[in-house]
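We have chain V; now place chains E and S onto it with these hints.
Chains as they are written, first to last, in the working numbering: chain V, 6 to 558; chain E, 17 to 329; chain S, 442 to 572.
Derived by calculation from the structure, the hints in this document are not laboratory data.
Hints are not guaranteed to be accurate.
Keeping only pairs whose Cα atoms sit at most 20 Å apart, straight-line, the calculated PhoX-like set for lysine-lysine is [what the hints assert, rightly or not]:
(1) V:K132 to V:K452
(2) S:K445 to E:K41
(3) S:K522 to E:K46
(4) E:K287 to E:K138
(5) E:K28 to S:K522
(6) E:K28 to S:K521
(7) V:K452 to V:K30
(8) V:K409 to V:K300
(9) E:K138 to S:K521
(10) E:K28 to S:K523
Listing some non-contacts, in silico: residues in chain S with all C-beta distances to chain E over 12 Å [what the hints assert, rightly or not]:
(11) G486
(12) E514
(13) Y552
(14) N569
For every residue, glycine included, the Cβ atom is placed at its ideal position computed from N, Cα and C.
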Amino acid sequence: MEKSNIAKGKERKEVFTTSSGIPIKRIYTPEDVADLDYNRDLGPSGEDPYTRGIYPTMYRGKLWTIRQFGGLNAAEATNDRYKLMYQMGVTGFAIAIDDASLIGFDPDSPEAEGEVGVGGVSVFSLKDMEDMFDGLPIDKISTAVIQAINTTCPHTAMYLALAENRGIDLRDVDGTTEGDPCSFGGCSDLKANPAPVRQLMRLCGDLVEWCAINAPKWHPVSFTSYNYREAGVNAYQEIGGLVASAVDLIEEVLSRDRGLTVDDFVPHYTFHLASHNDFFEEIAKMRAARRMWCKIMTERYDAKDPRTKMLRFHVQTSGSTLTYQQPINNAIRVAYQSLAAALGGVQSLHACSYDEALCIPTEEAVTLSIRTQQILQNESNVTNTIDPLAGSYYVESLTNEVEKRAMDFFHQIEDHGGWTKALELGWLRQQTEKEAIKYEEEIRTGKRRIVGVNCFQMEEDPSKITYFRPDPEIYKKQKARAEKLKEERDNDKVEETLNELRDADDSGENVMPAMMKAVKAYATLEEMTDVTVRRHFASGTKSIFSHLSRMIE
Amino acid sequence: MDIAKEVLNGNKRAVSRMITLIENKDPVAKEIINELYPHTGSGKIVGITGPPGVGKSTLVDQMIKEWRKRDKKIAVVAIDPTSPFHGGAILGDRIRMQDNFLDENVFIRSMGTRGAYGGLSKSTGEAVNVFDAAGYDIILIETVGAGQVEVDIAKLAHTTTVVVVPGLGDAIQTMKAGMFEIPDIIVVNKADLTGADDAVMELELMLAWAPKIEWKMSVLKTIALENDGIEELLDEVERHWKYLEETGMLYKREETRYEEELVDLVTENIKESVLKEIKSNGKLDMIVKKIVSRKITPYTAADEILAGLKPNK
Amino acid sequence: MERKIRVLTAKLGFDMHNRGMSVVNRALRDGGTEVVYIGNQFPEGIAETALQEDVDVIGISSLNSASSLELMERVMGIIKKKHLEDKLVIFGGIVLPDDVPKLKEMGVNEYFPPGSNVDSIVSYIKENVPQ
Numbered sequence: 006m007e008k009s010n011i012a013k014g015k016e017r018k019e020v021f022t023t024s025s026g027i028p029i030k031r032i033y034t035p036e037d038v039a040d041l042d043y044n045r046d047l048g049p050s051g052e053d054p055y056t057r058g059i060y061p062t063m064y065r066g067k068l069w070t071i072r073q074f075g076g077l078n079a080a081e082a083t084n085d086r087y088k089l090m091y092q093m094g095v096t097g098f099a100i101a102i103d104d105a106s107l108i109g110f111d112p113d114s115p116e117a118e119g120e121v122g123v124g125g126v127s128v129f130s131l132k133d134m135e136d137m138f139d140g141l142p143i144d145k146i147s148t149a150v151i152q153a154i155n156t157t158c159p160h161t162a163m164y165l166a167l168a169e170n171r172g173i174d175l176r177d178v179d180g181t182t183e184g185d186p187c188s189f190g191g192c193s194d195l196k197a198n199p200a201p202v203r204q205l206m207r208l209c210g211d212l213v214e215w216c217a218i219n220a221p222k223w224h225p226v227s228f229t230s231y232n233y234r235e236a237g238v239n240a241y242q243e244i245g246g247l248v249a250s251a252v253d254l255i256e257e258v259l260s261r262d263r264g265l266t267v268d269d270f271v272p273h274y275t276f277h278l279a280s281h282n283d284f285f286e287e288i289a290k291m292r293a294a295r296r297m298w299c300k301i302m303t304e305r306y307d308a309k310d311p312r313t314k315m316l317r318f319h320v321q322t323s324g325s326t327l328t329y330q331q332p333i334n335n336a337i338r339v340a341y342q343s344l345a346a347a348l349g350g351v352q353s354l355h356a357c358s359y360d361e362a363l364c365i366p367t368e369e370a371v372t373l374s375i376r377t378q379q380i381l382q383n384e385s386n387v388t389n390t391i392d393p394l395a396g397s398y399y400v401e402s403l404t405n406e407v408e409k410r411a412m413d414f415f416h417q418i419e420d421h422g423g424w425t426k427a428l429e430l431g432w433l434r435q436q437t438e439k440e441a442i443k444y445e446e447e448i449r450t451g452k453r454r455i456v457g458v459n460c461f462q463m464e465e466d467p468s469k470i471t472y473f474r475p476d477p478e479i480y481k482k483q484k485a486r487a488e489k490l491k492e493e494r495d496n497d498k499v500e501e502t503l504n505e506l507r508d509a510d511d512s513g514e515n516v517m518p519a520m521m522k523a524v525k526a527y528a529t530l531e532e533m534t535d536v537t538v539r540r541h542f543a544s545g546t547k548s549i550f551s552h553l554s555r556m557i558e
Numbered sequence: 017m018d019i020a021k022e023v024l025n026g027n028k029r030a031v032s033r034m035i036t037l038i039e040n041k042d043p044v045a046k047e048i049i050n051e052l053y054p055h056t057g058s059g060k061i062v063g064i065t066g067p068p069g070v071g072k073s074t075l076v077d078q079m080i081k082e083w084r085k086r087d088k089k090i091a092v093v094a095i096d097p098t099s100p101f102h103g104g105a106i107l108g109d110r111i112r113m114q115d116n117f118l119d120e121n122v123f124i125r126s127m128g129t130r131g132a133y134g135g136l137s138k139s140t141g142e143a144v145n146v147f148d149a150a151g152y153d154i155i156l157i158e159t160v161g162a163g164q165v166e167v168d169i170a171k172l173a174h175t176t177t178v179v180v181v182p183g184l185g186d187a188i189q190t191m192k193a194g195m196f197e198i199p200d201i202i203v204v205n206k207a208d209l210t211g212a213d214d215a216v217m218e219l220e221l222m223l224a225w226a227p228k229i230e231w232k233m234s235v236l237k238t239i240a241l242e243n244d245g246i247e248e249l250l251d252e253v254e255r256h257w258k259y260l261e262e263t264g265m266l267y268k269r270e271e272t273r274y275e276e277e278l279v280d281l282v283t284e285n286i287k288e289s290v291l292k293e294i295k296s297n298g299k300l301d302m303i304v305k306k307i308v309s310r311k312i313t314p315y316t317a318a319d320e321i322l323a324g325l326k327p328n329k
Numbered sequence: 442m443e444r445k446i447r448v449l450t451a452k453l454g455f456d457m458h459n460r461g462m463s464v465v466n467r468a469l470r471d472g473g474t475e476v477v478y479i480g481n482q483f484p485e486g487i488a489e490t491a492l493q494e495d496v497d498v499i500g501i502s503s504l505n506s507a508s509s510l511e512l513m514e515r516v517m518g519i520i521k522k523k524h525l526e527d528k529l530v531i532f533g534g535i536v537l538p539d540d541v542p543k544l545k546e547m548g549v550n551e552y553f554p555p556g557s558n559v560d561s562i563v564s565y566i567k568e569n570v571p572q
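Excised from the complex, chain V in its bound form (with noise of 0.2 Å):
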């Protein structure tokens, strides 16, 4: 029946694929889906293998959170805008950090001029993460602490040292710390350097070990496939990634021999994603990460503990779909991405601002964001039931593909000697960057059609929108912000401190104590970093390029 069909009638095309390629039939039927067994595949939500949703009863029992990434200016910016957010309903912030702080430079260092408060908020001490929290519940919300590369352990020590100091007890306190030390590997080429790269990753198997004694409720990693994604690879490239990060960080952990099991760390992973525009493939990709990851706990490490086997992750929709041309077509970009993260079963969602591929979103521009999640929430009903798309032929079939080629992927990364290998070889940047070019060689060709880039342009946009700028003034203030902190402190507090923090990282001890002591005496980010990171640079190097680039190139 179905090879009748496929001969009559003229298509649009000669092939369809989904946006990674694979090849997409005119019709899914029952033999699509023939082998799938319903228990072993599927089963019910809560269940292993979690296909279709981690929890017994999702979002008829909680809805997602509303976890809005945002940072700007200084603290005090930042604070006015989180209370507008918190207003609003939302209950879950990620800290965008300026590009002076992820690097870990303190405003009034020469190399930060003109990169503070670019990109996000500065934050290079306990004081601006009590201004940007001020008047914020920290017990009644979720934060993730979003930074980058260097600076895992001193921006999530200030979050945590700010609730204590508030007498909070730090196992009530909840949060994730993006962290994932290779994720900015992923867009990156390590090869020129191993040694910062095994160091990064010390610092985040400290993280882990000290949160799952200390402050259980904390995620203190989450493995972060979104920023390869945004950087090039592909839907079932970024799972298979995925799963790659998160199993080397437990080959590390474990290779500690500290007495941890896969049960005692692992529940406290967490995942984030990326929500594309091929609107099924997301889904379907969602699916099988959740599928695939329940596999190999099970099967790798003989997981006993479900939440081991549970891949919970927060979705952030793809900043690099949307557009600078018609920036107003953005916002249904991100609502359509947005459906296919709730539909997927995501626990956190962040929505882009139809402004970012111009700037930092304004207030109007985040207020949609929200909104248009709320709507989803309120509105929609696709909360009503879950994982409506099962049985589905078609997504059946595209969810068991995804998960074959992620699996794939995943193994041709154990052949390159698993994920920090392949990044040290630079395997992982030659994919990434093959599949960017190709993305781009398919918008050139007009194969791959962006409405508004390459069909439907406009000479004028119609629709006028306004743009977030920062203050001018950021640099000068908060260069004089630190000068007036280390000049206000106890100084020899933060060099006792210090000192600690460097003995303990000679040593191979957890620094994660140190580390918080530290912070509570106001030591600077740049200070701390000298200390855990900088001083694992190759010898000698001067330049922060110099370990810039091989991050990055």
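Below, chains E and S without anything else, positioned relative to chain V:
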């Protein structure tokens, strides 16, 4: 700008422009080279070669830093392959040398091979002379490192360092590929990887079979990223120069280099003038047609063309 | 004469979004130019490299609209100071539409916003490279 004069004054812009003229085969370049040539001969030329991924650029970066401590003025020529399909190239070695970007006494120049094989570009030798004339004490050349045996560097450099890494049998493969003639020094980089000592031992064993010359080649271990072993490497390079000077081998090396360059120049000139003549009047086309229709053999045709050339062309 | 166009490409400051840069580098290579890619750099490093590499074109990318204008002003200042005004300077990445005229005023020859066809970048360079 009087380029020759400014090069001799060490003017960076002049040096930079001069190398471009050479690379582009600008006719002006020849005259300037003639002016510069008498002022060359004092710079030491050091070649760094080896398979891809052994960390050549990082090693060069560290060598620059170390030689700067010894108060030397350093030029680097970093060569990357030119795509045979499009003629373009991505020259990315410099990215690993960022620490030395702004040092007044360091000059880094990236070059594409532009059709040359053997690991260098055709202009490398002349670029080296420009740096030499401009007062650079040491000129480091990083070859393409595309995996094949890159013999040209050994003819150009005073001291050639072959870099290998432990594992994968790289070290041994490199040596088996007939590289005994190339290095003066062998470096096992990334010596913190497992198998480093084995690699050194195997290389030393193989060296025992190398043709006997006075210079005793040594195998050094470095970890370029940690700046480990770099001082020793520099000491060894400098020891090699001393050897070259004391034994008169320096003169020999220069003879080899210029014999090679002279033969290349003559060949290139003949080739160009012959091609110019036989292409200009359609002769080449005719002859090829005759060959294809089997009226004449390629050998006879070649002899006839050469016999028809006028001397002193 | 066998002239080849030489292009210096760099990411400006700390901006780590290098997807576009790698696509452009590849397109420039395939377009027959020599690309000297130096990754992330501050304005001073960019200008000094342009001098040593004697490039014809300086191509700079940043996706940070908040810093790109300020940093580009520094780049253009140093380019003047080092007398490198003969270089063609192009900028790719994010500058707010209202700021594009400012970018041109400071001496940037052309701006390529996100979504630009890479072919248009290659052909712009070939048509406008200083002779």
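Find the hints from earlier in the document that the structure breaks and name them by number, from lowest to highest. The structure breaks hints 1, 3, 9, 11; every other hint is satisfied.
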